[in-house]
Structures are given as C-alpha cells and as structure tokens.
Amino acid sequence: MHKGKGMKFVGDSRITAERKPNIPKDYSEYPGRTEAFWPNFLLKEWLVGAVFLVGFLCLTAAHPAPLEGIADPTTAGYIPLPDWYFLFLYQFLKYEFASGPYFVIGAIIAPGLAFGGLLLAPFLDNRPGRKVSQRPIAVSLMLLGMASVFWLTYEAAEHVDWEQRAEENTPELPTEVEIDEDHPGYEVYQNNSCIQCHGESLEGGAAAPPLTDIDHTVDEIKDIAQNGIGDMPPGQFEGTDEELQQLAEFIVEVNESGE
Amino acid sequence: MLQKLYDWVDERVDITPLWRDIADHEVPEHVNPAHHFSAFVYCFGGLTFFVTVIQILSGMFLTMYYVPDIENAWRSVYYLQTEVAHGQIVRGMHHWGASVVIVMLFLHTLRVFFQGAYKKPRELNWMVGVLLFFIMLGLGLTGYLLPWDNKAYFATQVTLEIAEKVPFIGEATKTLMAGDPNIVGAQTLTRFFAIHVFFLPAALFALMAVHFILIRKQGISGPL
Numbered sequence: 001m002h003k004g005k006g007m008k009f010v011g012d013s014r015i016t017a018e019r020k021p022n023i024p025k026d027y028s029e030y031p032g033r034t035e036a037f038w039p040n041f042l043l044k045e046w047l048v049g050a051v052f053l054v055g056f057l058c059l060t061a062a063h064p065a066p067l068e069g070i071a072d073p074t075t076a077g078y079i080p081l082p083d084w085y086f087l088f089l090y091q092f093l094k095y096e097f098a099s100g101p102y103f104v105i106g107a108i109i110a111p112g113l114a115f116g117g118l119l120l121a122p123f124l125d126n127r128p129g130r131k132v133s134q135r136p137i138a139v140s141l142m143l144l145g146m147a148s149v150f151w152l153t154y155e156a157a158e159h160v161d162w163e164q165r166a167e168e169n170t171p172e173l174p175t176e177v178e179i180d181e182d183h184p185g186y187e188v189y190q191n192n193s194c195i196q197c198h199g200e201s202l203e204g205g206a207a208a209p210p211l212t213d214i215d216h217t218v219d220e221i222k223d224i225a226q227n228g229i230g231d232m233p234p235g236q237f238e239g240t241d242e243e244l245q246q247l248a249e250f251i252v253e254v255n256e257s258g259e
Numbered sequence: 001m002l003q004k005l006y007d008w009v010d011e012r013v014d015i016t017p018l019w020r021d022i023a024d025h026e027v028p029e030h031v032n033p034a035h036h037f038s039a040f041v042y043c044f045g046g047l048t049f050f051v052t053v054i055q056i057l058s059g060m061f062l063t064m065y066y067v068p069d070i071e072n073a074w075r076s077v078y079y080l081q082t083e084v085a086h087g088q089i090v091r092g093m094h095h096w097g098a099s100v101v102i103v104m105l106f107l108h109t110l111r112v113f114f115q116g117a118y119k120k121p122r123e124l125n126w127m128v129g130v131l132l133f134f135i136m137l138g139l140g141l142t143g144y145l146l147p148w149d150n151k152a153y154f155a156t157q158v159t160l161e162i163a164e165k166v167p168f169i170g171e172a173t174k175t176l177m178a179g180d181p182n183i184v185g186a187q188t189l190t191r192f193f194a195i196h197v198f199f200l201p202a203a204l205f206a207l208m209a210v211h212f213i214l215i216r217k218q219g220i221s222g223p224l
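Each protein sequence line maps, in turn, to chains Y and V.
Note that the first sequence covers residues 1 to 259 in UniProt numbering.
Note that the second sequence covers residues 1 to 224 in UniProt numbering.
Be aware that one or more of the hints could be misleading.
[Said to hold, decoys possible] Only some residues are given here: those of chain V computed to face chain Y with a beta carbon under 10 Å:
| # | residue |
| --- | --- |
| 1 | Arg20 |
| 2 | His25 |
| 3 | Glu29 |
| 4 | Phe40 |
| 5 | Phe114 |
| 6 | Ala117 |
| 7 | Phe133 |
| 8 | Leu137 |
| 9 | Gly179 |
| 10 | Asp180 |
Hints listed in this document are in silico derivations from the structure and should not be mistaken for laboratory results.
Ideal Cβ positions, reconstructed from N, Cα and C, are used throughout, including at glycine.
Isolated chain Y (complex conformation) (with noise of 0.2 Å):
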C-alpha cells in the first residue's frame, strides 16, 4: 500500500487519486489446478444451483405446504407434534429419567451438554491433527450424537399416521351465514323439533349435523324433513305443506347466504 508523503486524493475525501487497474490476478502459478472464482467457478456454481433449484420447485409443485383446519383451543384430543427437526427433542422429553422430577435433565442439562459441547467443539478438541483418525473421541461422540437424534427422530414419527392426521385436519372455510330469524321458515323451524338436534343458528349438535354448507334442493329438503335421512327418523314434520315450503326455502336461503 502506499504510504506517506506524495500521495493524491480525490477532492477532500479519502479515496486515494492513484486508480488501480481492474484486471483479475494470475492465478496459473498457484499450487495445485486453482481456478479464479469470477467468472469460471460461479459459471459452474450457478450451473449447479439452477440444477438443484428447479428440483426444488418440483418438490414445491408436488407437494403444496399443508394447512390444518383455524386454531381451535377446543379441539379435544388433539396431539400436538412439532416440526420433524424439533422431533428428536420432543421424543427426549417423554422418556421417564428426562421428565416430570428429571425434567431439567431432560430439557435443559442434556440439550445444554450437547449443543454446548457442539458449540466449543474447536476448544474440546483442541489438538492440531485434523484427520478423523487422529481424534477418536472428539469423531466418535458426534457419532453418538447423530445416531442418537436419528434415532429419537425415528421413535417419534414411527407411530405417527401422517395421511390420518392430514385428513383429519384439513382446512376447511368456516362458513359465515345469515340467520334471518323473522323469516317464516325461522318460526316453523322452531316450531317444529328440527332445532332440538340442528340447533339455533342450525349449526347441528350431537345428535344432527349442521344445516349449513349443504347442497340440496328444496324439494330434497322437503323430503328429508318428511321421511328422514340417515339417522333422522322419519315423521318429524308436523306441520302443514306451506310451513313445509317455508321450511325448506329457508333453509335454502341460508346456504345461499353463505356463499
């Protein structure tokens, strides 16, 4: 670098006035067949990297990120799992000696040793040979480990069913419905037993499904409502043929709402 009395700069700043040409270095008379990194190796880096991303748009294509049903705090018996690389972790946690009165092995002394370990691993190992054979035990423990989190991974997802669970939570939109309650077919569906078991806001029960988000027609409703469908016995209509109209064109009308 140059230094010291003689040097120019350009204006008040401190850039220096002298321009260094912008030619790549020589690197033929390195040891070895070194090649410069602009522009020959990131050609073949780029290369590469259109190879893997496009496999990696394939994955995306074929596979869509998954998307469970909104967060319900009320879903009873829902099993919590984590995301598969926390799953090592999450299947520590349920054996006996790491949990309830050994939790703070469990959770925080043996994550703690390993991933400190991890961490200080140029301080542990700390003798210049490099090559695996020269540091048995550093080579080994981490053996261990990885054997170990393969091993955790596999014990938490083995008894996991992935298709049941994804088909057990899809995404589905609540539907948003009106309910007119001045509407005629309101009053007869109160008048009639049909809100005992499909609820006020016929939103269904225990005992019935919701009246919402189906698609039949109103003289299928008119039918159903007469003769049952399912488990619906039949004869739960009582009233006359217009409140059965209304009825059935009410209904109609919420799920029209709803879309």
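Starting from the known structure of chain Y, arrange chain V on it as the hints suggest.
For chain V alone, kept in the frame of chain Y given last:
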C-alpha cells in the same frame, strides 16, 4: 459505457478492493468438484446460503398477504393458498425451504466437523456457524405458529409449557414469548411474528456477514 460508469464510481468510492474481496479469489483444486468429485461436500455451505436467499425472498412475498392477528392469520394463509396466483408455490417454497435449509445446514456442519476444519485458526467461525444453526432453529420454531392452524397452536402451547418449566427464568421467558403468563393468543402471534420477521433475521444477517468475512479473511481450510 459500462466501463465509464464503473470508473466514475470507482474514482469516487474506490470499489476495486471491495470487488476483489467479493469476487476475485482463487478456488483451490481440493474444493473444486470438476477436479475431484468428492469435493461436492463443499457445496453444502453454498446451498445453505442459496436456500436462505429463497427463504428471505419468499418470506418477503408472503408478508404481502399475511396478516398477523388471530382473526385473520389463518384466513390470509388460506386465501394465499387457494386464491392468490402462485401463492401456493410461494408458500410451498417457504415451507419446504425451512426444512431443506436445516438439512443443508446439518450436512454443512458435518462436513466441517469431520474434516476438522474448525481447528485453529477457525474456532471463531465455527462458533458463529453454530449460533447461525440455533437462529435457524429459532426461525423454524417461530414460523411454525404463524399459519395459526391447529398444528401451530397446539405445538406452540407445548413449546411454551416446556419453556415455563425451566427453573428460575421459565415463567419470565414464557411471558416474554407469549405476551401473557397464561394465554396463548393474539399477543403470542404478534410476538412470534415480530421475532420471526425482525429480530431473528437481523441476528441472522449480522452473523452471516461475520461468517463470510471470516471465510474471506482466513481462506478455505486446506486439504486433509
């Protein structure tokens, strides 16, 4: 024309040394898969960076639609997934990228470990790398909650329960993360969003810069 533009900038800012640092360095024979195919193990660090860039870009596009509140978070993701043109692809890239980046980081860590490349003088860079790994795991953990579906909600509840049981600092940690000692809700979602989108990426960028500057300064470790 381009040369003139370069010279104009170079005269004022002296960018040639910077350019040299970024692009003008030799690639030694032992890391070049063109000469030794087994040198492909040196790709994993670069691929980690590549996937990280994918994560940053796809994440930026996701925030154009995502709404971090409990009423709309799930709906915005559902809308993105079903209605927005290519929304499914962008979310898919972010979702799968989160897994691929962990795999690549793992392979990169193994390469460095089994080659003993963390030994003197590269101890500091190894530690920065392990911290980067932790930050990636943190990004995965916080990002898991954001779609606000059942999976996200219940897994986060378990995470917070684990955090709570840590002696001395547990309850404070849980309150800090969830925004409330008992409720997993609106505050939790906004905090996880802020951590996922601002705090952790800031730490990630800073550490990545240190990681790369150290590589450039020290050079890649020699052949075994």
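Hint check results:
no. : hint   : result
1   : Arg20  : holds, 8 Å
2   : His25  : holds, 5 Å
3   : Glu29  : holds, 4 Å
4   : Phe40  : holds, 9 Å
5   : Phe114 : holds, 6 Å
6   : Ala117 : holds, 7 Å
7   : Phe133 : holds, 8 Å
8   : Leu137 : holds, 7 Å
9   : Gly179 : violated, 16 Å
10  : Asp180 : violated, 14 Å
The structure fails to meet hints 9 and 10 from the earlier list, while all remaining hints are met.
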